[in-house]
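2 protein chains.
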Amino acid sequence: MQAQSTVEKAIDILFHLHAEPHACGVTAIGRRLGLSKSSTHRLLSALGRRGLVEKDDRGRYRTGIGLVALGVGALDREPIVAAARPVLEAEAAALGETVFLVAARAGRIIVLDKSEGEGFLRASPRIGSTVPVHATAVGKLYLAFGGGSVEAPAGELEKFSNATIARRSALAAAVARAAERGFAENSDEWIPGLSVVAAPVMATASDGRMLAAVAVAAPTPRMQSLGREEIGRRMLAAAARVAARFEGVAQ
Amino acid sequence: MQAQSTVEKAIDILFHLHAEPHACGVTAIGRRLGLSKSSTHRLLSALGRRGLVEKDDRGRYRTGIGLVALGVGALDREPIVAAARPVLEAEAAALGETVFLVAARAGRIIVLDKSEGEGFLRASPRIGSTVPVHATAVGKLYLAFGGGSVEAPAGELEKFSNATIARRSALAAAVARAAERGFAENSDEWIPGLSVVAAPVMATASDGRMLAAVAVAAPTPRMQSLGREEIGRRMLAAAARVAARFEGVAQ
DNA sequence: GACAATGTTCCTTTAATAGGAACAAATTTC
DNA sequence: GAAATTTGTTCCTATTAAAGGAACATTGTC
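Here the protein sequences come in this chain order: A and B.
Under our numbering, think of the first position of the first sequence as 1, with each following residue one higher.
Under our numbering, think of the first position of the second sequence as 1001, with each following residue one higher.
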């Protein structure tokens, strides 16, 4: 990845600090991103003047509080998030499991919002994080209904667990089944012990494209006892409510 | 505010888009920030290549999903947030009201995390948002225990409601009372109908400075019936638990 | 269908950036 | 405890990227 503009270099620094668990020094950042020490320092100073990075006691840099403000605002700005939030909360309260909203952005599948369940063992996806296409329920939905907005990765399908779909023909079959049933599921295919059932939020009025997906995540045994078919119908109804609220709000 | 570096101009665009409720055009952004149309366009392109801004169907720009990822990560990085989260959740569940964590950053008081209550009418502060110093419970705590990390605004004290403290002598008295009791409260002083009781999280081991504050927010009638003194003691205990977890984790 | 406003691209002057080197703290090593 | 090494910060000038006017393309409007 070749940074071209100064702005992009600064953003690369932000993402690098984001990826690092601990605060980083100027020298280390510069070395990692191929920037001179003085350039790195100047970029960090500019970011610091706007509160996007902070310096700790020892002069090390880490991501700043300004990023939090910008990020949370960006979420609330997404109309689909505003439309979905009450539905997520209602479903999470009714099921006692984590319910979340996922959508495609720039060819990747990203967690937009969540409402967590009550269990001691519960799914807690990170808002803003990316999930794999070929090993998740939402990924299958996007392959079935997304109209090419998301594609399965090129080359070998990464194997996350014993249950991960490895062959493209098997993936195509799973996608076809999702297209037929209208919802998709995933048992241990990404994270062992985690099951997800997801339904697509389709724009009913305009062009009928897929706006997002509503999904419930639970430990596999609990999902088993809840009944996948019943949960699937429930998610379809929830997704329809989100779509109705979205079109009502967006008007 | 005069932008000096290119990076700062780009960040100013981000904050401007963040402040605007709707997507903005290149011309409008440039006019607002004093940038030429072509410069604005180039900065937006750079931000867009890294996913920090997005373009809608009509070519308008708004904040992008990349900011969400950066922001959420930045929050989880704050050790005080990690230490406080279970305490916030436990208190929110026990009280049924919104409990949140607030701290001073760069001289301002900022909401770091929250766990919302269950009421139909409930406080829902925005994570990352700034709250006023002289009209909030946490503001009084920082004036009492913050060691100068936060100061009351210069000039006239802004009047948010009929209950807002207007005179500096009255503010000093409220701060003195907070210093004496160890916790602070706020009834309708910022937002009419909203009451808050807050307790400071003090570093017990090292230098004893104020790390953050734990606060519970509720509609004024409900706070009245819960009993301010009892809630104050409860918040003091919660803040002590946060401090203990913080020092235990940070070790 | 003509007009106005907006997003995008092009090009040259201008000004900010890059990066080496020197300096100052802090940390590590002996 | 002192020397040595690493690291954050500042300074300076050749270089390079950014700024801004103008032309072009596109969209929405009257």
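Hints are supplied without guarantee of correctness; some may be wrong.
Quick list of in silico lysine-lysine cross-link-like pairs, BS3-like style, CA-CA up to 30 Å [said to hold, decoys possible]: (1) K1009/B with K55/A; (2) K1009/B with K1037/B; (3) K1009/B with K9/A; (4) K9/A with K1037/B; (5) K1009/B with K1055/B; (6) K1055/B with K9/A; (7) K1009/B with K37/A; (8) K9/A with K55/A; (9) K55/A with K37/A; (10) K9/A with K37/A; (11) K1055/B with K1037/B.
Think of the hints as simulated: they come from the structure by calculation, not from any bench.
Comparing the hints with the structure gives:
1. K1009/B with K55/A: 21 Å, holds
2. K1009/B with K1037/B: Holds: K1009/B and K1037/B sit about 13 Å apart, inside 30 Å.
3. K1009/B with K9/A: At roughly 14 Å apart (the allowed maximum being 30 Å), K9/A and K1009/B satisfy the hint.
4. K9/A with K1037/B: 22 Å, holds
5. K1009/B with K1055/B: With Cα atoms ~19 Å apart, K1009/B and K1055/B stay inside 30 Å; holds.
6. K1055/B with K9/A: Answer holds: K1055/B to K9/A is near 21 Å, not above 30 Å.
7. K1009/B with K37/A: 22 Å, holds
8. K9/A with K55/A: 19 Å, holds
9. K55/A with K37/A: 16 Å, holds
10. K9/A with K37/A: OK: K9/A and K37/A at ~13 Å, within 30 Å.
11. K1055/B with K1037/B: Roughly 16 Å separates the two Cα atoms, so the pair holds.
Checked against the numbered hints above, the structure breaks none of them.
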